[in-house]
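Chains A and B, in that order, are what the protein sequence lines are.
When we follow the numbering used here, the leftmost residue of the first sequence carries the number 1, and every step to the right adds one.
When we follow the numbering used here, the leftmost residue of the second sequence carries the number 1, and every step to the right adds one.
Hints listed in this document are in silico derivations from the structure and should not be mistaken for laboratory results.
Mixed in with the good hints, there may be bad ones.
Identical copies look the same in the list; a pair holds intra-copy or inter-copy alike.
[As the list claims (entries may be wrong)] With a Cα cut of at most 27 Å, we get these calculated BS3-like pairs of lysine-lysine:
no., residue 1, residue 2
1, K350, K2
2, K35, K141
3, K58, K350
4, K413, K162
5, K2, K78
6, K2, K35
7, K276, K413
8, K329, K142
9, K78, K413
10, K413, K329
11, K142, K2
12, K2, K58
Each chain is listed here by its residues.
Number of protein chains: 2
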Amino acid sequence: MKVEIINIGDELLIGQVVNTNASWMAEQLNLAGYKVHQVTIVSDEREHILEALSLAEKRVQIVLISGGIGPTKDDITKHTLCEFFQTRLVMNEEAYRDVERLFARRGYPVTELNRQQAMMPESATSIPNLLGTARGMWFEKKTASPLPTVFVSMPGVPFEMKAMITEEIIPRLNQIFNTPVILHRTILTQGVGESFLAAQIEAWENNLPSHIKLAYLPQPGIVRLRLTGTGNDESTLSAQVTTQVTALRQIIPDYIYGYDNDTLEEITGRLLLENKNTLATAESCTGGYIAHLITSVPGSSAYFRGSVVCYANEVKEQIVGVLPETLAKYGAVSEQAVTEMALGVQSRLKADFVIATSGIAGPDGATAGKPVGTTWIAIATPAGVSAHAFLFGDSRERNIRRTALQALNLLRKQLLSYFFLSPFGILK
Amino acid sequence: MKVEIINIGDELLIGQVVNTNASWMAEQLNLAGYKVHQVTIVSDEREHILEALSLAEKRVQIVLISGGIGPTKDDITKHTLCEFFQTRLVMNEEAYRDVERLFARRGYPVTELNRQQAMMPESATSIPNLLGTARGMWFEKKTASPLPTVFVSMPGVPFEMKAMITEEIIPRLNQIFNTPVILHRTILTQGVGESFLAAQIEAWENNLPSHIKLAYLPQPGIVRLRLTGTGNDESTLSAQVTTQVTALRQIIPDYIYGYDNDTLEEITGRLLLENKNTLATAESCTGGYIAHLITSVPGSSAYFRGSVVCYANEVKEQIVGVLPETLAKYGAVSEQAVTEMALGVQSRLKADFVIATSGIAGPDGATAGKPVGTTWIAIATPAGVSAHAFLFGDSRERNIRRTALQALNLLRKQLLSYFFLSPFGILK
Numbered sequence: 001m002k003v004e005i006i007n008i009g010d011e012l013l014i015g016q017v018v019n020t021n022a023s024w025m026a027e028q029l030n031l032a033g034y035k036v037h038q039v040t041i042v043s044d045e046r047e048h049i050l051e052a053l054s055l056a057e058k059r060v061q062i063v064l065i066s067g068g069i070g071p072t073k074d075d076i077t078k079h080t081l082c083e084f085f086q087t088r089l090v091m092n093e094e095a096y097r098d099v100e101r102l103f104a105r106r107g108y109p110v111t112e113l114n115r116q117q118a119m120m121p122e123s124a125t126s127i128p129n130l131l132g133t134a135r136g137m138w139f140e141k142k143t144a145s146p147l148p149t150v151f152v153s154m155p156g157v158p159f160e161m162k163a164m165i166t167e168e169i170i171p172r173l174n175q176i177f178n179t180p181v182i183l184h185r186t187i188l189t190q191g192v193g194e195s196f197l198a199a200q201i202e203a204w205e206n207n208l209p210s211h212i213k214l215a216y217l218p219q220p221g222i223v224r225l226r227l228t229g230t231g232n233d234e235s236t237l238s239a240q241v242t243t244q245v246t247a248l249r250q251i252i253p254d255y256i257y258g259y260d261n262d263t264l265e266e267i268t269g270r271l272l273l274e275n276k277n278t279l280a281t282a283e284s285c286t287g288g289y290i291a292h293l294i295t296s297v298p299g300s301s302a303y304f305r306g307s308v309v310c311y312a313n314e315v316k317e318q319i320v321g322v323l324p325e326t327l328a329k330y331g332a333v334s335e336q337a338v339t340e341m342a343l344g345v346q347s348r349l350k351a352d353f354v355i356a357t358s359g360i361a362g363p364d365g366a367t368a369g370k371p372v373g374t375t376w377i378a379i380a381t382p383a384g385v386s387a388h389a390f391l392f393g394d395s396r397e398r399n400i401r402r403t404a405l406q407a408l409n410l411l412r413k414q415l416l417s418y419f420f421l422s423p424f425g426i427l428k
Numbered sequence: 001m002k003v004e005i006i007n008i009g010d011e012l013l014i015g016q017v018v019n020t021n022a023s024w025m026a027e028q029l030n031l032a033g034y035k036v037h038q039v040t041i042v043s044d045e046r047e048h049i050l051e052a053l054s055l056a057e058k059r060v061q062i063v064l065i066s067g068g069i070g071p072t073k074d075d076i077t078k079h080t081l082c083e084f085f086q087t088r089l090v091m092n093e094e095a096y097r098d099v100e101r102l103f104a105r106r107g108y109p110v111t112e113l114n115r116q117q118a119m120m121p122e123s124a125t126s127i128p129n130l131l132g133t134a135r136g137m138w139f140e141k142k143t144a145s146p147l148p149t150v151f152v153s154m155p156g157v158p159f160e161m162k163a164m165i166t167e168e169i170i171p172r173l174n175q176i177f178n179t180p181v182i183l184h185r186t187i188l189t190q191g192v193g194e195s196f197l198a199a200q201i202e203a204w205e206n207n208l209p210s211h212i213k214l215a216y217l218p219q220p221g222i223v224r225l226r227l228t229g230t231g232n233d234e235s236t237l238s239a240q241v242t243t244q245v246t247a248l249r250q251i252i253p254d255y256i257y258g259y260d261n262d263t264l265e266e267i268t269g270r271l272l273l274e275n276k277n278t279l280a281t282a283e284s285c286t287g288g289y290i291a292h293l294i295t296s297v298p299g300s301s302a303y304f305r306g307s308v309v310c311y312a313n314e315v316k317e318q319i320v321g322v323l324p325e326t327l328a329k330y331g332a333v334s335e336q337a338v339t340e341m342a343l344g345v346q347s348r349l350k351a352d353f354v355i356a357t358s359g360i361a362g363p364d365g366a367t368a369g370k371p372v373g374t375t376w377i378a379i380a381t382p383a384g385v386s387a388h389a390f391l392f393g394d395s396r397e398r399n400i401r402r403t404a405l406q407a408l409n410l411l412r413k414q415l416l417s418y419f420f421l422s423p424f425g426i427l428k
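With these hints in hand, go ahead and build the complete structure from the sequences.
This is the structure:
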């Protein structure tokens, strides 16, 4: 079933706003079994909107329109939709009560502008907006086929649009267009590049049944594997997808750290919290980025003690306790130094587990035998300490990111083996 | 002069890739005096591309096409363009030498697929690609007016596209369409919200000459003010824009921290480097984010000593030297605690300047009289220490970001007054 997305708004045409709405909508629609045929961005002009609607109607069966339905004067979408569908605006009592309720909760009076937001096209079904004052509008136009062409207008404000797509629009489309059951499972891997990963799972991938598709979604330091299954019965399909995920875990147990929207900072945080253990970091090349990721998680103060970002060697010695002889003999980017950093912060910050990093993030700092990207990571646990060497790339920004993700994944594995769980213990 | 952007690529229609190309192109074109009328994303299908080209030709005078000219089989743009312009592919010797040179540099042999990239439509002018193997194609179609309709096809790879737009396409368009001189200057402000800023500069804004326009570009913690001047003579226009910027500086000297692409971490880093002074941070609520921003700047190891992220009160006491009495009497989020954090890290990490932060980032942690968003920032200098209180908002992520930017701007001001420069000293 083909869809066209029409985004209305001058702010998109002067480059002030990136059209993340379209890509988010496209992803959700695609995951729900609809094919986005075209995305069209038009200005807040009557003729331009009318032209886009007419052309879209010829191309697709579903037209999703976002933007241009706020209360300000330049938002002319609603009037233009009335013109296109030859209908008129009438007061929608339900919509008006919504606006009243929202304003009462915020303690504002309802203005004339807001009252006008409750005026809706007579021939449209109005769609609730749980997070704002502008309701969606659902129009159906008869066609030669038994199924109508559907036009839905919704707000351009991303969180309002997202709630409306997920809660209202996709379920209603599914009722009309009777789409097959589609299930997705994303497997998150860390520590392996896309091509090397593809080579390792080639046989598994080739043996996937034809109704289960695989997509590689690489990001710096992470590769996400998305399985999409299509079928008629949800529980059968779910079991089939799970079988494939289980098989994949046997092949690459070391790389998989989680599923769907998991993050390494949340997974490791949960493990620490459940086991009442604490964490600290000793960061040289990552410069506080790992501490920042950890403390981005709400509630992290329950397990995170703190970090020493020891950029200067003197700070490594005096605050962390790295021996001057170690730095003189092996340098700061060495197994010995990173091990002492981990142990020093473990005892001084009184943490159960410690991540330590030391590397050459670049662009400067390379020495003989230690090119830019050379990185040491140590993990201290109550049972001991281990250090690991990596050679990342040339980009400072990516080296910091990759080091942080690699370090958090090493921590995750250490947490699992320390708490005597199998590596599969926390996997859903 | 109206432009349509056509982005070709299935990856944009399944939501795998956000269309940042279109917003970047739109911004550059808008800044150069061209109006983007529509953005259209189409699939890698011949009929769809042909339809989009025909429709665009009716709407605009300039059609910019990105994507679909790589070496792989699904990239059919080039063949479709030949069909649309009724021409054929011929070997372009200059393009072939480019491909050979690029591959020699990378040490790869030229494959048949790459050789085909040097085949170009006979009626097109080929546009150099400084950063890749796929050249751009420039077509002109006569119209009833003296000016042609211009179609340009370019790569979808962002950095290749950007170089081509800036270096080749906009200058060539300017030759044909004889656009006026347009100048931009962005003034960066921190520490003031958009509406409050607008009220303060209202008189100045109302007095701007009609050929100089102002745009507000707000981001969390920062508001950018972009002045766009249009005229015939570059040096006259430049002087006029500078006059307005100078006038603005008199009105809001405290909020302006830089211009155009400046960042607070780079500005403060430059000041420290030039004056051979050092910096450290003592971070509670920002959790290492300020250290991360500072160390994102290449070369920051020359002035950044390090940071103590003291999430646990025990770390504030034992590593930083905050007195237990202070924490007991005033709490960690207090003028007294943040001042002791700054002074403690200054002496222990032997830094000339220190930023210290302590606040309630949320969502938990609020106490009587200290709601979520309550934040203290202290700046220690060789001459003393000062502490400042702020009440930010409800969002943890934004509170961390706003605290970091506010702290770096306070540091910037302290650096300027310590080095005996006027606050305008570093402004270009």
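Hints, verified against the model:
no.	hint	result
1	K350 / K2	neither (59 Å within a copy, 64 Å between copies)
2	K35 / K141	within (20 Å within a copy, 34 Å between copies)
3	K58 / K350	neither (68 Å within a copy, 71 Å between copies)
4	K413 / K162	neither (35 Å within a copy, 41 Å between copies)
5	K2 / K78	both (24 Å within a copy, 26 Å between copies)
6	K2 / K35	within (5 Å within a copy, 30 Å between copies)
7	K276 / K413	within (17 Å within a copy, 43 Å between copies)
8	K329 / K142	neither (81 Å within a copy, 73 Å between copies)
9	K78 / K413	neither (55 Å within a copy, 49 Å between copies)
10	K413 / K329	neither (31 Å within a copy, 41 Å between copies)
11	K142 / K2	within (16 Å within a copy, 35 Å between copies)
12	K2 / K58	both (11 Å within a copy, 25 Å between copies)
When held up to the earlier numbered hints, the structure conflicts with 1, 3, 4, 8, 9 and 10 and fits the remainder.
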